[in-house]
Amino acid sequence: MIHSLFLINHTGDIFLEKHWKSVIGRSVCDYFFEAREKAVEPENVPPVLQTPHHYLISIYRGKLFFLSVIQTEVPPLFVIEFLHRVADTIQDYFGECSEGVIKDNVVTVYELLEEMLDNGFPLATESNVLKEMIRPPTILRSVVNTLTGASNVGDTLPTGQLSNVPWRRVGVKYTNNEAYFDVIEEIDAILDKSGTTVFAEIQGVIEACVRLTGMPDLTLSFMNPRLLDDVSFHPCVRFKRWESERVLSFIPPDGNFTLMNYHVSSQNLVAIPVYVKQSISFFETGPCGRLDITIGPKQTMGKTVEGLMVTIHMPKAVLSANLTATQGTYTYDLATKVLVWDIGKLNPQKLPNLKGSLTTQAGTPKPEDNPSLNIDLKIQQLAISGLKVSRLDMYGEKYKPFKGVKYLTKAGKFQIYIYMFIFLENLMSYLLFEWLQCVLKHSI
Amino acid sequence: MTDSKYFTTTKKGEIFELKAELNSDKKEKKKEAVKKVIASMTVGKDVSALFPDVVNCMQTDNLELKKLVYLYLMNYAKSQPDMAIMAVNTFVKDCEDPNPLIRALAVRTMGCIRVDKITEYLCEPLRKCLKDEDPYVRKTAAVCVAKLHDINAQLVEDQGFLDTLKDLISDSNPMVVANAVAALSEIAESHPNSNLLDLNPQTINKLLTALNECTEWGQIFILDCLANYTPRDDRESQSICERVTPRLSHANSAVVLSAVKVLMKFMEMLPKDLDYYGTLLKKLAPPLVTLLSAEPELQYVALRNINLIVQRRPEILKHEMKVFFVKYNDPIYVKLEKLDIMIRLASQANIAQVLAELKEYATEVDVDFVRKAVRAIGRCAIKVEQSAERCVSTLLDLIQTKVNYVVQEAIVVIKDIFRKYPNKYESVIATLCENLDSLDEPEARAAMIWIVGEYAERIDNADELLESFLEGFHDESTQVQLQLLTAIVKLFLKKPTETQELVQQVLSLATQDSDNPDLRDRGYIYWRLLSTDPVAAKEVVLAEKPLISEETDLIEPTLLEELICHIGTLASVYHKPPSAFVEGSRGVQHKRLPGSAGSGESADSPDTGSAAGVSEAPPAVIPSQGDLLGDLLNLDLTPPTTSGPPPAPSSGMQMGAMDLLGGGLDSLMGDESEPPPVPQRTDTPQSPQLSHQSPSPPDYSPTELGGDLGGSPAMGAGFGAPPTAMPASFPPPVSGGLDDLFDLGGSVGMPMGAYSPPKSIWLPAMKAKGLEISGTFARRAGVIQMEMTLTNKAMSIMTDFAIQFNRNSFGLAPAGPLQVLTPVGPNQSIEVALPLSTVGPVMKMEPLTNLQVAVKNNIDVFYFSSQYPISMLFVEDGKMERQVFLATWKDIPNDNEAQFQIKDCHLNSDAASSKLQGSNVFTIAKRTVEGQDMLYQSMKLTNGIWVLAELRVQAGNPNYTVSLKCRAPEVSQCVFQSYEAMLKN
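Which chain is which? The protein sequence lines are A and B, in order.
Per the numbering used here, the first sequence runs over residues 1 to 444.
Per the numbering used here, the second sequence runs over residues 1001 to 1985.
Note that these hints are calculated values from the structure, not bench results.
Everything hinted at is true.
Rough simulated footprint, nothing fancy, chain A against chain B, three-plus residues with beta-carbon under 8 angstroms:
(1) 1030-1043
(2) 1215-1228
(3) 1246-1253
(4) 1285-1299
(5) 1357-1369
We treat Cβ as the ideally placed atom computed from N, Cα and C, and that holds for glycine.
Chain A with its partners taken away, still in its complex shape:
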């Protein structure tokens, strides 16, 4: 099972270590640092490393490495899931998961780690249970504590840990009873140069915020549940009822939680909300190139596209960009060669356009790596898959709760392959370029 945990920051300092069995020296991390060095980017460090006597399994979250050391055959997914759970818990307790926050609350974090694992076996990982045993810090409480000497540690038995509903504690009380559900969908898509969908799928999640008194039993039903290809549920959801009736029946945990993840795969038609007309060209001889990008709405179901942002990883040879945007602002980072165009709201009457010239290093060969274009966007009040909640019923309690459902669509990994032309001579090429622009406009 999990033997030890090291938290390592961006610069490679170990700032927290926890051992659940005997102590393992920090030198074991040297193997990790070696791999870290080799990977160049922190994201590229392989998650499972083998050393002569141990295995190192790590995740990278919030610019921190969570590095666990194990000695025997343990399912790596188990370890990775657990590490993410540690990060989630820290996030849940302190609002963010960063080096600063962990250092500010080091003793609480240490107590948490102690409660989460016993001898390497997970003990209490449900945030409800943990919060009963170790209360999260609040400004008010820390003031009260300093005045009265009271402690952060609960002295009751975590009741939830033993009941049949370990995720919910008994005796919850609210004056305002409310249950809110957010249906959030992310579009993962790859479009090719002509705008055709190469691959598209929707990753959906239903986040819930439930503050209800007592032991409510909820049933959430959908207008069109058959849309969902694959689902994974919070343990509270009764799988049998989903199988037979396609409804979500559950006793909710208290507070915020993820009710369900789902997946609408490429087999179904996935609507693509925007189209992009783009071309980037370079001249074989001269040290310059041109860039022209226009974005327009495609299938938005009548809703407005917001938070539109285009990120282009430019070829390494591009030195600078001199562009004009009809809407929004752009930045070009010389070091990372990343062009970011922050557009904002998409106005279908006046399509945003970014156009201008690029400078390449004189004398170097033409760029050989293709740029790639990634899009970020948001559409409020729309689940792009068409999923709709039809009703929420509550049993087991007598009061009437406030209910609400919100929808949001976001771009996940939304990527478009780019045209890159290389022209032989300046004059000819300019004409050719204009001509191609025409062709492109008509082809989309």
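With chain A's structure known, arrange chain B on it following the hints.
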């Protein structure tokens, strides 16, 4: 007010200050001080000096303070064992606390203190806690048993905690069950054969019930445990599958993957025509796809496992190609894995999409990824014939980009495409030749040279091209040098007139100026071949090459089966069996998939298979190639002729050489993508001899050539020194027992037949690319036979079997070639009996009856060793005259007498005598003294060594005593073992 203040650098006297604060009267100050101590500890500062002061704070009602002190204790108790004893009383008291939280906390903490003295005190409280009324305490105590076992395994067994733990599997609370399973699994890992988790249908049922109700982590433990169970029949298998399937919808990916493991394993038992089988296959795809939308680290592990699943059951994901398309911001380790799976899923239906994607990847930034993408295009061409043309044109496009590493990678894969589709795409050679100058990696250069040599007749300036490489011959890597040598010889055979000079040049470069033995040997072989018989040379060098197979990188089927049983574990991430890397490999058992229902052939369950192997003195597969070199030299490739007299040295050598050239050369030359099957034989040891020869090409006859290459060192050794096992005074080995097969003056022919041990596995399929050999030895009608079962567990047909022995103590050698006339198809077995002669070369082995064997087939050469019972060697004329026996018994010094006990043998002396006679142990006289029967026996080994024995049998006593006398006392031990085997059989 945050904790970050604890991170400030250590001030002078900080420890002193803390000490004062810890001893303060104010509760709040105390707690603050302990917090500071803990904070220092977490960042690795040494605060062990404060041990007594911190322990003093332990007796408190404040739960937080208690917890903090416990945290401290766990960290430092080991370094201060004597001080830690002070804490014991508080622990024991806390274990009786009315609050179950405190009871659990105390027993949990005590288990974490790895100090022997404290452990002793832990036993009583732990026993109570295991039976506590509160399930929270019980579940904590279950884990505590695992902790204790880690510290002191013996103690846990002595105290009977393991049984209590087993009882907890039937606990009413699912969490307790899950933790008990987890603890037992961990303990079982250090006791591979203890059978701690005794799984039967009842326990399985309990586990399945607990599975629905326990936490996600508990579910993982239970699923992993379930995966070790082998259901009795397909119905049980199906019912388990039905109850496990809902876990596929769990949010925790580790639960999902563990469930996939159980399903993949149990699915093997379901009949394929069952409706449920199809349903299950369909249910497996969506969760696997969903795993790919998780965090990249989870994706990586999932992808490594999907790679295995796709190889075992491609139908599950065949429609899901698109989810494996690489995203721009995937980490590189995810990209590479996805690419691998894309190729495995590529088929005619989706090849167009795959190629378009791969072409896109080939222009990315990351060099490793680009290279792999280019290589992938080549693999697609080889895998999907219809796409080959498109792949080649894609590769040509990529070559036009002139990006150095892309071009090189493309050339390497185009070479493979040529191998797969000869005479189809040669039109592209011109384009390839344009890029000759930009190649700087050995693999690409070698590939290009191979192409030029192979198609020399179509390239007008092939000689110029090759000549240009020749200039820097000595700076090239071996790979390129070898390739250049072969290419120029090919060119010469195709265009002899204009390239004579070139070939002379390369041959002299290779043979005279090079220190590399491989290169020099190959140079000599070509040289002599060319000068002896150009026609033969042409046949050999320009021989038609076998097409390369479609899937070159599939995991070997037996390994794949084992890995499928380990889905979700580290083994599945590394694609290696756990025994290959788990620390100390504490007897990790090989797991195998259960056989499907109805297919009777897999009736032998994995357990019995491995158990038999162990008890039977496991066949020692000769370990490393390095050690083998010496032995290999002594292996003569061809079996000696069947007749009695030993073959003349020259004939042996000749045949060895012929075989070498015939079998080895074609593969040695034409193709560098697969290693030649017999590379070792042309290796280093011969080269000193060769270099004595004059390098000019003289007229060697094939015989002489063979003598140089194959046999002479072996022969020299084989016929030189007399075998050390035999004293000089003994007569030379009798040449074959054919003349005097039966001792006519002896007893009744063969009453019971000679003893022959049951077959055991000599060569496991894992080590021999799918070939499994089990066998035994027998003596039938005076002929020693090696009886083998060859089983093909690979996917391709096996042919061309040949066998060879290393020199051994008694000169055993095959008396004829291995008679495997028909090819052995996949999953087919064949029985072979190989008659052995005892006239082969002799070398004393350790142990004496060890026999090292090499078996060759069309795939490779494999080595194993086995031990034969020495009774095989007892000849039929082993009956001594009484007088001679007496004289010899006296003559042999008493030092040579060895006495052994044979236990638990329930035969009377007559039965024993006739039983032994079946194996040519002859009773010469019998004497009865005081109810004790004394049998005097003699036997003769094939090499003429006599062994005399006195067997004492007392009526009613199952223990026999054997005294053996022999001039070569080394054999006594073996003879005794045979006695035991013969009598007990």
